[in-house]
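Colleague: Listed here are the chains, written in short residue letters.
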Amino acid sequence: MSIIWSMISKRLALGLLTLFVISIIIFGATELLPGDLAKNILGQSATPETVAAFRKELGLDLPAHTRYINWLLGALHGDFGTSLANKRPIADLIATRLSNTLFLALYAAAIAIPLSLTLGILAALYRNSIFDRAANAMALTSISFPEFFVAYILIFVLAQSGWFPSMARMDASTTFTEALYRTFLPALTLTLVVTAHMMRMTRAALINLLASPYIEMARLKGMSPARVILKHALPNALAPIITVVALNLAYLITGVVVVEAVFVYPGLGQLMVDSVSKRDFPVVQAVALIFAAAYVLLNLTADVLSTLSNPRLIHRK
Amino acid sequence: MSFLIALFWIAVAIAGALTAGWLFLKIAASVTRGGTARALRSAPVTAGFGMLVILLYILVALLAPVIAPYAEREVVGAQFLPWDSTHLLGTDNLGRDMFTRLVYGARNTVGIAFLTTALAFSIGSILGLLAATVGGWMDQVLSRIVDILMAIPSLIFSLLLLTIFGTSVVTLILVIATIDSTRVFRLARSVALNIVVMDYIEAAKLRGEGLWRLITREILPNALAPLVAEFGLRFCFVFLMISALSFLGVGIQPPTADWGSMVKDNAALITFGDVTPLLPAGAIALLTVAVNFVVDWMLHRASGLKE
Chain A
1 MSIIWSMISK RLALGLLTLF VISIIIFGAT ELLPGDLAKN ILGQSATPET VAAFRKELGL
61 DLPAHTRYIN WLLGALHGDF GTSLANKRPI ADLIATRLSN TLFLALYAAA IAIPLSLTLG
121 ILAALYRNSI FDRAANAMAL TSISFPEFFV AYILIFVLAQ SGWFPSMARM DASTTFTEAL
181 YRTFLPALTL TLVVTAHMMR MTRAALINLL ASPYIEMARL KGMSPARVIL KHALPNALAP
241 IITVVALNLA YLITGVVVVE AVFVYPGLGQ LMVDSVSKRD FPVVQAVALI FAAAYVLLNL
301 TADVLSTLSN PRLIHRK
Chain B
1 MSFLIALFWI AVAIAGALTA GWLFLKIAAS VTRGGTARAL RSAPVTAGFG MLVILLYILV
61 ALLAPVIAPY AEREVVGAQF LPWDSTHLLG TDNLGRDMFT RLVYGARNTV GIAFLTTALA
121 FSIGSILGLL AATVGGWMDQ VLSRIVDILM AIPSLIFSLL LLTIFGTSVV TLILVIATID
181 STRVFRLARS VALNIVVMDY IEAAKLRGEG LWRLITREIL PNALAPLVAE FGLRFCFVFL
241 MISALSFLGV GIQPPTADWG SMVKDNAALI TFGDVTPLLP AGAIALLTVA VNFVVDWMLH
301 RASGLKE
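In order, the protein sequences belong to chains A and B. With the numbering used here, you'll find the first sequence wraps up at 317, consecutive numbering, no jumps. With the numbering used here, you'll find the second sequence wraps up at 307, consecutive numbering, no jumps.
No lab work stands behind these hints: they were computed from the structure. Since this is a predicted model, take the numbers as computed values, not measurements. From the three backbone atoms N, C-alpha and C, an ideal C-beta is built for every residue, glycine too. A couple of the hints might just be wrong.
Just the calculated beta-carbon pair ranges, DEER-fashion [what the hints assert, rightly or not]: (1) A:MET167 - B:VAL275: 16 to 26 Å; (2) B:ILE148 - A:PRO235: 51 to 61 Å; (3) A:MET167 - B:SER122: 50 to 60 Å; (4) A:ALA46 - B:GLN140: 42 to 52 Å; (5) A:ALA46 - B:THR86: 41 to 51 Å; (6) B:ILE14 - A:ARG127: 20 to 30 Å; (7) A:PRO235 - B:LEU23: 25 to 35 Å; (8) A:THR301 - B:LEU7: 33 to 43 Å; (9) B:SER122 - A:TYR68: 52 to 62 Å; (10) B:SER190 - A:MET167: 20 to 30 Å; (11) A:ARG88 - B:ARG301: 49 to 59 Å; (12) A:LEU305 - B:PRO65: 37 to 47 Å; (13) B:ILE14 - A:ILE69: 55 to 65 Å.
A few chain B residues that face chain A, going by a derived Cβ cut-off under 7 Å, partial list only [unchecked claim]: (14) ILE148; (15) ALA151; (16) LEU155; (17) ILE156; (18) ILE164; (19) ALA244; (20) LEU248; (21) ILE284; (22) ALA285; (23) VAL289; (24) ASN292.
Now the stretches of chain A that chain B is said to cover, found in silico as 3 or more residues with beta-carbon under 8 Å [said to hold, decoys possible]: (25) 17-27; (26) 63-75; (27) 155-166; (28) 197-211; (29) 257-267.
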């Protein structure tokens with residue numbers, strides 16, 4: 001047991017280090033801009049007084065490392081500073097939107113993961129059949145589709161006839177079942193986008209294993225194909241499957257940005273996109289940090305889980 | 001019933017596409033000779049279709065002013081006109097001809113995506129080959145930088161950089177090329193690492209070949225096949241990313257005709273049952289599918305895989 005714990009704590013430390021370096025990049029990127037940040041944002045027409053006042057407001061008169069430490073300590077306490085555009089505390093802007101985005105991503109994951117695993121197993125079981133070929137062609141096609149194309153096709157087909165709302169408005173009074181109904185189309189879009197990849201990887205991982213001698217042995221002793229896959233192949237294919245599921249969950253986090261924009265869903269992605277065009281960089285930095293943290297955390301979980309699923313990786317020499 | 005009709009048309013479209021691909025392969029194989037013709041004759045129909053579509057896009061992009069009936073930014077009528085003979089696909093939210101914008105979009109969107117991919121590729125493969133050949137601290141430094149950059153989701157990172165540097169075509173190309181070059185670096189380095197340890201490289205080094213000659217003459221030719229296939233895949237990613245950014249309003253800026261922003265600007269029509277805004281999105285999807293088909297075939301050929 002202690003080997004496992006030391007492995008997990010090592011990975012966790014590595015993840016924290018990665019996150020720390022990422023936070024430096026996210027903060028430091030503003031320093032890359034040639035010339036003065038305040039002048040750059042205010043534009044050419046700004047008077048020297050307004051520029052000076054703006055610099056003071058941003059804290060640009062302090063040295064960069066002091067500002068970075070203040071920013072990081074604030075972020076650790078949930079205080080990301082104030083937005084440039086509307087002067088509200090960023091933490092307030094983020095609070096409800098973060099839970100909305102998480103809700104949407106989890107909703108999509110809850111549909112996508114069982115669906116793609118089932119399809120992948122079936123495709124491996126009946127490989128080279130018409131079902132397998134059709135699933136493969138569909139997967140290749142849906143990988144090539146931009147998210148907004150999928151989203152608008154769904155709106156065209158399902159929202160126009162009035163079955164589902166094309167806009168996913170959310171407020172405090174929305175009940176859980178109503179939220180599920182309203183966010184069905186965005187969740188379905190995300191599902192379609194990630195299912196293809198997960199399905200293909202599940203199929204590939206299983207088919208790789210099916211070529212190994214012990215599977216042949218299982219077949220020769222007269223096991224049914226379904227039993228061979230479920231009992232013998234699947235446990236050994238868990239590591240690559242977990243990795244690809246986590247990768248796709250991480251992908252969901254970024255895919256959410258576009259889908260939120262299509263369905264006018266009040267989530268973090270929408271906030272980020274709005275802030276980019278306003279060049280409201282404190283908000284963008286805060287949201288980027290949250291997205292990056294989620295991304296790192298998911299990859300870390302995948303790493304730990306896939307190691308745990310394979311005893312040979314735990315007791316590596 | 002309408003579902004069945006839609007299904008029928010999809011089947012017709014797929015059959016038509018496959019026939020077109022098959023015909024294209026036959027014609028292409030008959031006008032070329034030698035190894036190319038032999039390769040084309042054994043190519044799957046999907047690859048033929050892919051090549052045909054790519055060729056059509058290139059033609060449309062090059063001949064845009066000839067094909068388009070109006071100028072790119074010309075306002076030619078009322079807003080959101082329906083399809084008719086003067087405005088083939090109607091007009092957009094500002095009264096510009098939709099068909100014209102679609103044609104010019106091929107030039108702008110595809111052109112910018114191609115340029116970005118080429119830039120990402122030059123940076124990534126040169127640094128990747130260099131890291132693998134020189135090794136030591138240079139490899140360590142470059143690899144660690146790339147590791148960190150890849151730990152940030154690319155769409156999020158590009159949104160952050162675009163906020164800081166502002167949204168213009170030049171910054172868009174530079175930002176996405178930088179982010180994407182990290183992925184190319186990974187591949188180029190891992191491919192080159194397998195080549196660098198071979199005996200003939202040792203011989204070339206002993207003969208006194210310089211670093212540049214070693215990379216371009218000895219390593220690059222043997223690393224080319226996976227890199228070319230990767231170019232196709234990267235192009236798809238870059239193309240989708242630029243379209244997504246343009247769709248979000250922070251990519252290619254108006255009044256330049258661009259497929260991503262065309263979808264965004266005319267999206268309101270979809271809820272009224274008009275398919276026009278889906279056309280630019282479909283154009284993006286079609287090209288990506290086509291490139292994927294061709295890449296699939298090339299990968300298959302390069303690895304000599306037979307299922």
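Colleague: Against this structure, judge whether each hint is valid.
Modeller: Each hint tested on the structure:
The given range of 16 to 26 Å is respected by MET167 (chain A) and VAL275 (chain B), whose C-beta atoms sit roughly 20 Å from each other. Under the hint 51 to 61 Å, the C-beta atoms of ILE148 (chain B) and PRO235 (chain A), about 34 Å apart, miss the expected range. A beta carbon spacing of about 43 Å between MET167 (chain A) and SER122 (chain B) contradicts the range 50 to 60 Å that was offered as a hint. A hinted range of 42 to 52 Å holds for the C-beta pair ALA46 (chain A) and GLN140 (chain B), which are about 44 Å apart.
Roughly 47 Å separates the CB atoms of ALA46 (chain A) and THR86 (chain B), a value that falls within the hinted 41 to 51 Å. Separation of ILE14 (chain B) from ARG127 (chain A) is about 22 Å and conforms to the stated range, judged on CB atoms against 20 to 30 Å. For the pair PRO235 (chain A) and LEU23 (chain B), the beta carbons lie near 48 Å from each other, so the given range of 25 to 35 Å is not met. Checked against the hint of 33 to 43 Å, the C-beta distance between THR301 (chain A) and LEU7 (chain B) comes to roughly 41 Å, which is consistent with it.
Roughly 33 Å separates the CB atoms of SER122 (chain B) and TYR68 (chain A), a value that falls outside the hinted 52 to 62 Å. Taking 20 to 30 Å as the suggested C-beta distance range, the pair SER190 (chain B) and MET167 (chain A) does not conform, at roughly 45 Å. Restraint check, ARG88 (chain A) to ARG301 (chain B): a C-beta distance of roughly 57 Å satisfies the suggested window 49 to 59 Å. With their beta carbons about 56 Å apart, LEU305 (chain A) and PRO65 (chain B) fall outside the hinted range of 37 to 47 Å.
For the pair ILE14 (chain B) and ILE69 (chain A), the supplied restraint of 55 to 65 Å holds, since their beta-carbon distance comes to about 59 Å. With a least beta-carbon distance of about 5 Å to chain A, the hint placing ILE148 (chain B) at the interface is held under the 7 Å criterion. Checking ALA151 (chain B) against chain A by beta carbon gives a least distance of about 5 Å; that is within 7 Å, so the hint holds. Proximity of LEU155 (chain B) to chain A holds as hinted, the smallest CB-CB distance being about 4 Å (cut-off 7 Å).
For ILE156 (chain B), the suggested interface contact is upheld, since its CB lies about 5 Å from the closest CB of chain A, less than 7 Å. With a least beta-carbon distance of about 5 Å to chain A, the hint placing ILE164 (chain B) at the interface is held under the 7 Å criterion. Interface hint at ALA244 (chain B): satisfied, since its Cβ lies 5 Å from the closest Cβ of chain A, which is below the 7 Å cut-off. Proximity of LEU248 (chain B) to chain A holds as hinted, the smallest CB-CB distance being about 5 Å (cut-off 7 Å).
Interface restraint check for ILE284 (chain B): the shortest CB-CB distance to chain A comes to about 5 Å, inside 7 Å, so the restraint holds. Annotation: ALA285 (chain B) was flagged as interfacial toward chain A, and the flag holds, the nearest CB pair being 5 Å apart, inside 7 Å. Annotation: VAL289 (chain B) was flagged as interfacial toward chain A, and the flag holds, the nearest CB pair being 4 Å apart, inside 7 Å. Taken as an interface hint, ASN292 (chain B) checks out: its beta carbon lies about 5 Å from the nearest beta carbon of chain A, inside 7 Å.
Evaluation of the coverage hint for the segment 17-27 of chain A: fulfilled, as 5 residues show C-beta separations to chain B shorter than 8 Å, against a requirement of three. As drawn, the segment 63-75 of chain A meets chain B at 0 residues by the rule of a beta-carbon pair under 8 Å; below three, the given contact is violated. With 5 residues carrying a beta carbon less than 8 Å from a beta carbon of chain B, the segment 155-166 of chain A meets the three-residue requirement, and the given coverage holds. Chain B is given as covering the segment 197-211 of chain A, and this is violated because 0 residues of the stretch bring a CB closer than 8 Å to a CB of that chain, at least three being needed.
For the segment 257-267 of chain A, the stated coverage by chain B is satisfied: 4 residues place a CB nearer than 8 Å to a CB of that chain, which reaches the threshold of 3.
Of the hints listed earlier, those the structure fails to meet are numbers 2, 3, 7, 9, 10, 12, 26, 28, in rising order.
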